[in-house]
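**Q** Chains as they are written, first to last, in my numbering: chain A, 61 to 471; chain B, 61 to 471.
Derived by calculation from the structure, the hints in this document are not laboratory data. Among the hints, a few may not be true.
Just so you know, same-sequence chains aren't split out, so a pair can sit in one copy or run between any two.
20 Å max Cα-Cα, derived DMTMM-like pairs, lysine to aspartate or glutamate [claimed, not checked]:
{"hint": "1", "residue 1": "LYS101", "residue 2": "GLU131"}
{"hint": "2", "residue 1": "LYS458", "residue 2": "ASP333"}
{"hint": "3", "residue 1": "LYS444", "residue 2": "ASP180"}
{"hint": "4", "residue 1": "LYS314", "residue 2": "GLU195"}
{"hint": "5", "residue 1": "LYS351", "residue 2": "GLU105"}
{"hint": "6", "residue 1": "LYS312", "residue 2": "GLU387"}
{"hint": "7", "residue 1": "LYS314", "residue 2": "GLU338"}
{"hint": "8", "residue 1": "LYS444", "residue 2": "ASP279"}
{"hint": "9", "residue 1": "LYS319", "residue 2": "GLU274"}
Listed below are the residues making up each chain.
Number of protein chains: 2
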Amino acid sequence: MRDVAVIGAGMTRFGKYLDRSMKDLTREAVDGALGCAGMDKSKLEVAIVGNAAAGLITGQECIRGQVVLREMGIGGIPIINTENACASSSTAFHMAWLYVASGMYDVALAVGVEKLYHEDKRKSYAAIGAAVDVEWAKEMQASMQASKDNGGRGEQPAAGEGAGEKRSMFMDFYAAFARQHMQRYGTTKEQFGRIAVKNHYHGSLNPHAQYREEYTLEDILNSPLVAEPLTRLMCSPIGDGAAAAILCSAEKAKQFTTKPVNILASTVGSGSDRGADEPGITERVVQQAYKLAGVGPEDLSVIELHDASAPAELVLYEELGLCGPGEGGKLIDARATYFDGSIPVNTSGGLISKGHPIGATGVAQIYEIFTQLRGEAGERQVAKPRIGLTENGGGMVKGETAALSVHIFSV
Amino acid sequence: MRDVAVIGAGMTRFGKYLDRSMKDLTREAVDGALGCAGMDKSKLEVAIVGNAAAGLITGQECIRGQVVLREMGIGGIPIINTENACASSSTAFHMAWLYVASGMYDVALAVGVEKLYHEDKRKSYAAIGAAVDVEWAKEMQASMQASKDNGGRGEQPAAGEGAGEKRSMFMDFYAAFARQHMQRYGTTKEQFGRIAVKNHYHGSLNPHAQYREEYTLEDILNSPLVAEPLTRLMCSPIGDGAAAAILCSAEKAKQFTTKPVNILASTVGSGSDRGADEPGITERVVQQAYKLAGVGPEDLSVIELHDASAPAELVLYEELGLCGPGEGGKLIDARATYFDGSIPVNTSGGLISKGHPIGATGVAQIYEIFTQLRGEAGERQVAKPRIGLTENGGGMVKGETAALSVHIFSV
C-alpha cells in the first residue's frame, strides 16, 4: 500500500440550519477543502460520501452523494455512498484512503454531511433511533420508560413527541455504563462534569462549534438530568453540518501543498460476539491502528474522540491507553486533556460542544486534527503537535458499538 | 493490484416476502455463498453490504449491514454499508474487490439485500422515488400526470395511493427514451416486446426468478400500458431478496475451490455534466471496463444487464457494442440474445422476470454470471462460456444515470 496524505480539509460550522439543504452544506465544506488544497474540483478522481440519516430526515436515500456533489459540478468520477451511523464519514474517509493507498486513484474526496434538525422532531428521533437494530429496539421500547424533553441534547425523544417512534437508547446505555464505572472505580459525577467543562471551553475557542458558551462545573451539574449521572450539558446535541477532506498519494501531494498531513493508519471495525474477557471493539481497533502506525499512546500529541457523552470520553482515555483502567477521572482532574495539557483531547469542543451531525462527525474530527497538525488552530492550538488520532464510533448492535474507526496522522 | 476471484455465490429466490426480514433473506444468501465456497464464516475478513431503501421501508438506517450480519454471527471484521440506488450491491462488490485487489484483505464478502414490498405501498413508492434528487422530483411532481396502478410493475405509484409521496419517474424516462429510439431508428414496440418475451422465457428456466411464467408477444403487448410504448410485462417488478458473493485473492482461491471465477475488471462511474456529443455514462464505464479487462464485446460469452425495462436492454445492446447504433432491434429479432444464441443476455430472466429488489440486483447479476461461467446454470446454461459481463445502473440525477457499475469475469 502506498503512503497517503491529507492535503485539504473544510467544514461548515455545526448548527441548526433548518433553511439550508444538504447540497448547500456540502458545497461549503467541499469548497473549503478544495480551497485549502489549492485544487480545482476537476482534479478529483473519486468521491466517497458518508451520511447516516438523510433517508429518514429528507427522504433522500440511494444516491445522496451524487445528489449533493452533482449540484456543485462534481460528477463522472466514481461516487460511493457509505453509511455506518455516527462513523459514516470516517468510514468514507477510510474508503477514500483505500482507493489512494491501493494505487487505483491518486486524489480522493471524502465527505460527511448530515441534517438532523427537522420541523417534525419525530423524524430526528427516528433517524437517531435507526443506529440500533430497529427490530430489537421495537421489542425493547415497551419495557423502557419515556424520558423528558432535553431540547435535542441527549438525543432523546421528548415525552409525547416521540410517541410511536423508535426511541434512541444511547444515553441510557451511556448512563448505565457511567454508573458501572463509578461503582467499580469510584469515578464521580463531578469528573464527568469536568470533561464537559473542558469540551465546552474548547468549543468556545472554535469558530466551527455549534455551542460556544463556557460553563462552570456547577452549570454542568445543574443542567437538566438526562439519565443519572448524565446531565444535558454532558451530552452531544443534535446538529446539522458537513465536513470534507482531500486525500492524495504522498508522492503527488507535493504538487499541491508544502504542508501535507500523513495518514499512518486507517482502520474500521465492527462489534462481535466476544467473551467477557476478550477485548472490546475499541481496544481491538485502536491496537490495530497503533500497530499499523508504529506508534503508541505515549506518542500522541492531540486526539479527537467520540464524546457522545462525557462518560464516553472518560472511558476512552482508558481504552486508548492514555492512562490505566479506572484512571480516566484522574486525567481530567489534572487537566491533562486541555488543549495546553500533556495530552490534549477534543480541542474542537468534541461532539458535546462542537456538535454532532452524525454523518459529518468523522471527517470533522479529521478536520480538527489536520488543522492542529498544521498549526492552524488559532486560540486552541496545541503546542507543536506531531501525531494525532481520531476515534469515531457508530451505532449499536447487541450491546456493543456497531462500527468504529480509528485514524492516526502525522506531520 | 492483485488478481481477485469469486469463489462462492448465493441468492434467495426473488419475490414478495412480507413475512421475511432482511436478516432472514441475508442469512439464506450468505449461507449459500459460504456453502458454495466450502468456507466457514470465520474466514471472512471484511464485509460490504449494499442496500438502497431499508431506511424508508423498514426504518433501518445507519448500520444495515451490521444488523443483518451480526444476527448470523458475522462481526468483528470491518462491515461497510454502501448505497448507490439500483447499483448498491455492485458497488459493494466493487469495494470488496478493492479490499482484496489492494492486498489489504484476502477474503471479502459482498452482499446485496432489499425488501421493497411493504403493507403500506406508499413506502415502496417513496423508496423507489428516493433514487432521484428528491428536491428536484418534488418540483417536477406538480407538472407530471398521475399514472395508474401497475401492480408494482413499472415501479409506479398507483393513482391516489402515492398521493403526497414522491413519484418515481423512471418508467416515464424509459418510455420517452424508447419513443426517441423508435423515431430515430425505426425500432418497434414489437421489438421491445420480444425482449420481454425472451427474458420471461429465461426466467421460466431459473428457479430463483420471481416470475416464472412464459408469455407470448401478444401477452406482452396486450398487458396494461404503463407509458407508451411500455406495457406492464416489459417492466421490472418490485421485489424482495438477497444475493451474496465471496471474493478471494486469486492466489488463495486455490485453497477453497477448483472453479474460481476471475474478476478481470471492476468499475463504478457516475453521471456528469457532459456535452451532447460526449459519451454517456454507460459507454464511458463500459469502455473503461473493456480496457481494464483487455477484452472487447466480441469476446463476451454471456451478459447480465440492467433491463429495468425492455427498451433499456435494447439500447444497452448498442451501448455495450454488441451491435451498431440503432441495430438493437435486429439483434432481438434474430434471437441472438437468447441463452442459446450468439450473445446470450439476461439468461437469469433479468430484472423483468427474475425480479428487481434494487439493492440485491447487482450481486444477483454476478451470481448468474458466476453460475454460468462454472457451467452450473441447468436448463438455461450457455454453451461453454468463457467471459461474462455485468452492467448495473442506479438512480438518476440531472437526466443521467447516477451510478453505474460494470464487471467482467472469466474462467
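**Q** Each hint: holds or not?
**A** Now for the hints, and whether the structure bears them out:
no.: 1; hint: LYS101 to GLU131; result: within (13 Å within a copy, 42 Å between copies)
no.: 2; hint: LYS458 to ASP333; result: within (8 Å within a copy, 45 Å between copies)
no.: 3; hint: LYS444 to ASP180; result: neither (46 Å within a copy, 58 Å between copies)
no.: 4; hint: LYS314 to GLU195; result: neither (50 Å within a copy, 40 Å between copies)
no.: 5; hint: LYS351 to GLU105; result: between (30 Å within a copy, 18 Å between copies)
no.: 6; hint: LYS312 to GLU387; result: neither (43 Å within a copy, 45 Å between copies)
no.: 7; hint: LYS314 to GLU338; result: neither (43 Å within a copy, 33 Å between copies)
no.: 8; hint: LYS444 to ASP279; result: neither (33 Å within a copy, 76 Å between copies)
no.: 9; hint: LYS319 to GLU274; result: neither (32 Å within a copy, 65 Å between copies)
In the structure shown, a violation is registered for the earlier hints numbered 3, 4, 6, 7, 8, 9, in ascending order.
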